[in-house]
Structure formats: C-alpha cells, structure tokens
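**Student:** Sequence order for the protein chains is L and P. 58 is the number of the first residue of the first sequence in the working numbering; add one for each residue after it. 58 is the number of the first residue of the second sequence in the working numbering; add one for each residue after it.
Any given hint could be a false lead.
Remember, identical chains collapse to one label, so a pair may be satisfied in a single copy or spanning two.
[Unchecked claim] Capping the alpha-carbon separation at 30 Å, the derived lysine-lysine pairs in DSS-like fashion look like this:
{"no.": "1", "residue 1": "K117", "residue 2": "K98"}
{"no.": "2", "residue 1": "K60", "residue 2": "K117"}
{"no.": "3", "residue 1": "K60", "residue 2": "K77"}
{"no.": "4", "residue 1": "K77", "residue 2": "K122"}
{"no.": "5", "residue 1": "K98", "residue 2": "K77"}
No lab work stands behind these hints: they were computed from the structure.
What follows is the residue order along each chain.
2 protein chains.
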Amino acid sequence: MIKARIVVTLKNGVLDPQGKAIEGALGSLGFAGVGSVRQGKVFDVEVDAADPASAEAQLKDMCAKLLANTVIENYTVEIA
Amino acid sequence: MIKARIVVTLKNGVLDPQGKAIEGALGSLGFAGVGSVRQGKVFDVEVDAADPASAEAQLKDMCAKLLANTVIENYTVEIA
Numbered sequence: 058m059i060k061a062r063i064v065v066t067l068k069n070g071v072l073d074p075q076g077k078a079i080e081g082a083l084g085s086l087g088f089a090g091v092g093s094v095r096q097g098k099v100f101d102v103e104v105d106a107a108d109p110a111s112a113e114a115q116l117k118d119m120c121a122k123l124l125a126n127t128v129i130e131n132y133t134v135e136i137a
Numbered sequence: 058m059i060k061a062r063i064v065v066t067l068k069n070g071v072l073d074p075q076g077k078a079i080e081g082a083l084g085s086l087g088f089a090g091v092g093s094v095r096q097g098k099v100f101d102v103e104v105d106a107a108d109p110a111s112a113e114a115q116l117k118d119m120c121a122k123l124l125a126n127t128v129i130e131n132y133t134v135e136i137a
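Work out the full structure, taking the sequences as your base and the hints as a guide.
**Tutor:** The following block contains the structure:
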C-alpha cells in the first residue's frame, strides 16, 4: 500500500466565502494581523500500486475524475 | 506577511463517513486497489508577525480556538 496526500485548493481569483468567514471569526476572537484565509481539502489515500509513479498517475486520475473540480480548483499529489 | 499552511485531519480511530463515501465512489468509478481514504481540511493563512516562531505560536492558538476540534482532530502548522 502506498500512502499519499492530495491537497485540493481553490484557484486564485475564485471567491472563497468560507475562508472570508474564518477571517472574520479570527478577527472577532482577537487575532489581529490576519491576512487572507483560504480553505481547501486534504485527502489521505492508500492505493495498491506497483511503484510510486503508477500510484501518482492513478491518484491524479482520481483528482481529475472525482476529488477536485478542475474548473475552480487546483490539486497536488504527494507520495508519502 | 508570513504565509502558512494548516492541515487538520481526523484522529486515528475517529469514524470518517465522508472518507468512506469517497472510497465507495472511487470503487464505482473503476479504481481498484484503493485502501482507506480519510478527508481533512487545509487552511492557507497569511499572518502579520515579526518572525516565523511568533507566527507559528499564533497559528497554533488559532487551531486550538477555532480551526480544529482537538477532541477528534489533529493539526499541523507549516510555515511556508
């Protein structure tokens, strides 16, 4: 089993209301000097693959087909 | 402005129905050999701090107070 971490983040320029709400909440909690906050998703996946390269190819395929909306999101795959 | 990435993941042993649903969906899409999938959250935060150490302290405080539920979640802070 090869372990990997996939991080999906919103592309630059895409509005992130959840991040904005967190910014506001941090301000209300007394954290001064908080700049932008952007929220994304992380997936820790275990795949059964012969080698890291084929695992990475499979994981990128998963991102394109299910895990990320490539119109508005970027993704990165890191093999652990 | 210091940029940081906060990753919040469920602790081991905490049930992750969202991850289980993704596992099932990947199987239905024809991805064989997918082991466990666990979903977490990622926050890209910019903070105004004098040095990386004070930024990290402030970010950990944010995690404890707002971004993570420390009963069921772990968090890591990486300064970029």
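**Student:** Which of the listed hints are broken here?
**Tutor:** Checked against the structure, no hint fails, so every one of them is satisfied.
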